[in-house]
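A.B. asks: Sequence:
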Amino acid sequence: MPAVPAASRRDPAATRRRWAERLERFRRSGQTIAQFCAAEGVSPPSFYVWRRTLADHAPSPVPVTPTLVPIRLTPSPAGPPIEVVFPSGTVLRFPVDARPEVIAALVHAVEGRPC
1 MPAVPAASRR DPAATRRRWA ERLERFRRSG QTIAQFCAAE GVSPPSFYVW
51 RRTLADHAPS PVPVTPTLVP IRLTPSPAGP PIEVVFPSGT VLRFPVDARP
101 EVIAALVHAV EGRPC
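Everything in the sequence shown is counted per UniProt numbering, starting at 1 for the first residue and increasing by one.
It is possible that part of the hints are untrue.
[Claimed, not checked] The calculated label-pair distances, taken between Cβ atoms and stated as ranges, are: (1) PRO81 <-> ARG52: 49 to 57 Å; (2) PRO66 <-> ALA14: 50 to 58 Å; (3) ALA38 <-> ALA14: 53 to 61 Å; (4) VAL64 <-> VAL85: 18 to 26 Å.
By construction, these hints were calculated from the structure, which means they are not laboratory data. Bear in mind the structure is a predicted one, so any value in this text is a computation, not a measurement. From the three backbone atoms N, C-alpha and C, an ideal C-beta is built for every residue, glycine too.
Hey, can you work out the whole structure from these sequences and the hints?
C.D. replies: See below:
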């Protein structure tokens, strides 16, 4: 077991790093928790507490950013709009003179499919 400087024992960030490294060593060790803890000189209850603590504070996966399609707003001509209603209840309304490629791009973006 490596010696831990006294200043490091008082530094929560250093303690967190040390336990993260220790848990990584355990994953690679092939040992049981009891064997590993005995070799490291730590108690199994401490091992379990730190494993849970670090798992609870693990970074979340990066959320997927929705794709946005740039649009330009212009005054709409007279007449009823074109409506696209999705099974989810989402409704897109377009002026009657909307370009078909714009409608298609927005419909595909809402559906989550590439154009």
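A.B. asks: Looking only at beta-carbon atoms, does the pair PRO66, ALA14 fall within the given range of 50 to 58 Å?
C.D. replies: About 39 Å separates the Cβ atoms of PRO66 and ALA14, which means 50 to 58 Å is violated.
A.B. asks: Regarding PRO81 and ARG52, is the given constraint of 49 to 57 Å on their beta-carbon distance met?
C.D. replies: holds (54 Å)
A.B. asks: With respect to the beta-carbon atoms only, verify the hint that ALA38 and ALA14 lie 53 to 61 Å apart.
C.D. replies: With a Cβ separation near 23 Å, ALA38 and ALA14 fall outside 53 to 61 Å, so the hint is violated.
A.B. asks: I want to verify a distance hint. Is the separation of the beta carbons of VAL64 and VAL85 within 18 to 26 Å?
C.D. replies: For VAL64 and VAL85 the Cβ distance comes to about 25 Å; the hint holds.
Hint violations for this structure: numbers 2 and 3, all remaining hints satisfied.
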